[in-house]
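Chains A and B, in that order, are what the protein sequence lines are. Note that the numbering used here has the first sequence beginning at 1, numbered continuously upward. Note that the numbering used here has the second sequence beginning at 283, numbered continuously upward.
Please keep in mind that the hints were generated in silico from the structure rather than gathered at the bench. Any given hint might turn out to be false.
What the hints assert, rightly or not - Simulated crosslink set (DSSO-like; lysine-lysine; CA at most 30 Å straight-line):
1. A:K254 / B:K420
2. B:K430 / B:K410
3. A:K115 / B:K348
4. A:K74 / B:K410
5. B:K430 / A:K74
6. B:K441 / B:K410
7. A:K210 / B:K410
8. A:K74 / B:K541
9. B:K348 / A:K85
10. A:K45 / A:K254
11. B:K563 / A:K210
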Amino acid sequence: MIIAVASGKGGTGKTTIATNLALSIPQAQYIDCDVEEPNGNLFLKAEIQQKEDVGVPLPHIDSALCTYCGICAKDCEFNALAVLKDRVMVFPELCHGCGVCSYVCPEKAISEGEKIIGVVERGVVPQEGEDLVFCQGVLNVGEPMSPPLIKKAKTYAEPTRTVIMDAPPGTSCPVIQTLNGADFCLLVTEPTPFGLNDLELAVGVVRQMKIPFGVIINRSDSGDQSVVEYCQRENIPLLMEIPLNRDLAFAYSKGIPYVTENSEAKDQFGQLLVAIHKELQV
Amino acid sequence: MIKELTIISGKGGTGKTTITAAFASLCENKIMTDCDVDAADLHLILQPEVLRQESFIGGRAPVMDKSICTECGTCQEVCRFNGIDLDPDKGYTINSFACDNCALCAFACPEEAISMVDSVNGNWFISKTPYGKMVHAKLGIAEDNSGKLVTLVRQQAKKLAEDEGLSLIVNDGPPGIGCPVTAAITGTSLVLVVTEPTLSGIHDMERVVDLCRHFQIPVQVCINKYSINLVNTQKIREYCAHLGIAIVGELPFEPLVNKALVARQNVIDFECGAVTRVVRKMWQEVEKQMMA
């Protein structure tokens, strides 16, 4: 089963929830899909065993064959090519590696090389009993396009495990790429006008993608009732509330997962998985 | 010449919008923008009154004419994004969540059953607020092209500033280091990075600072909630000192800030003690750097 942890907004506690949940349940795998800012391993401290560069195709123009007809540039939906009188410019940061240019070139002058955009790292988090399986994508700084890297990281999801995917913030391409194929989505929010606004956006996304979901309110005692009222009104299951807790915040700031020092919290996260299973059965 | 300031953080939830909204109250002759088009929040505090609304056509998307389709499967074969599903009842269909809108399927279809049509990916707005005009946007649910929309918002803000003879644009930026952030910082006069003294805050700050250096954009740093971990705060100071980056403000953790946000007010109008004082001073520092 694949459980994605998303939020719309950043800083609501996605990584806190995702890492603590992964540490609290058996047979788990954690995949950090927030490849722009992967933070999970600051807490999990996995032993990385494999690293694999991830590349996307990048067009290469054979100037001996090119007639500068301009068809490649005209047909590229992303303006990644510009044809001048005597040369073709390729803009790697705009290229999606889709293959249209090489497909449409009448002279077969375009071949494809590869551009490395980041790395997927895999390993384990040693645990009593069975180890937690770990995977993260790390986007190279300066690379604008994260979805291909997210997609690659997701290919390592092991079907026999409960896979926890830590999603990036927002509601666009990187989040859609992460959520596509998830069995359940945990939406983490906070009880403020900001939290509610972003929760509504995230709910729109998961509803459109037809993914079952539930809400977790972090710092539940620090704001107002608007999120709780919204969930009631919209019939959204509220699966967990975590009050503002100085110990937790301080442990977080030092990179210590809360459940490693608190067996009660570990039980609570175990119960969260039970609640998710229950939601999926209804 | 119009100056442009973009406030980013790498990590979400560090207080970008809190700082931006406070600056809205402090600076004059400016346009505010919300470049976090995925999850725009600035409007919650500035409470804009929309003057003009336009739709955002971010690109084109494929549409399949099933009356022409012969179910040959060529589209699925050529697609690199798993954007074509094979449904037992409906045959080949476009999966818009996986589709990258590249049009290869349309080129490859031997029956010309797939065409590309303009898609409205969201809306953008020019609004009036108590603190001046604001340009903002709302990306449609599960839509893409947020980088393009960010660029559009900035262009419109610039046009508006020129038309009205204003000298400054303040952009509330998106989180991360990807395409929307790149679109929000390229060509700006100054980037203010808001960070917090947590390991993830530091990690993400380092990545956005790298990004700004990559694009050769001047950077200043503000540490929010510095008092939650003084050891990490010291690490941020050392990191910035090492790179010659000025820390223009250190804001203590202050529960009143949350009260201000819940009341939908900025921390200048809603008295938040030391935070209010530090933000005032920080704006002077930022302004000095930009006008230098």
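Hint check:
Annotation: proposed proximity of A:K254 to B:K420 is violated, straight-line Cα distance about 36 Å (limit 30 Å). Note on B:K430 and B:K410: the hinted pairing holds, with a Cα-Cα distance of about 23 Å set against a maximum of 30 Å. Only pairs whose Cα atoms come within 30 Å are accepted, and A:K115 paired with B:K348 is rejected, the gap being roughly 36 Å. With a C-alpha separation of about 39 Å, the suggested pairing of A:K74 with B:K410 is violated against the 30 Å cut-off.
Distance hint between B:K430 and A:K74 is fulfilled; the C-alpha atoms sit about 19 Å from each other, no more than 30 Å. Among the hinted pairs, B:K441 with B:K410 is consistent with the structure: their alpha-carbon atoms are about 16 Å apart, no more than 30 Å. Distance check on the hinted pair: A:K210 and B:K410 sit about 37 Å apart at the alpha-carbon level, beyond 30 Å; violated. Between A:K74 and B:K541, the direct Cα distance comes to roughly 53 Å. Violation of the 30 Å bound is thereby established for this hinted pair.
With a C-alpha separation of about 41 Å, the suggested pair B:K348 and A:K85 falls outside the 30 Å cut-off, and the hint is violated. Among the hinted pairs, A:K45 with A:K254 is consistent with the structure: their alpha-carbon atoms are about 12 Å apart, no more than 30 Å. Annotation: proposed proximity of B:K563 to A:K210 is violated, straight-line Cα distance about 48 Å (limit 30 Å).
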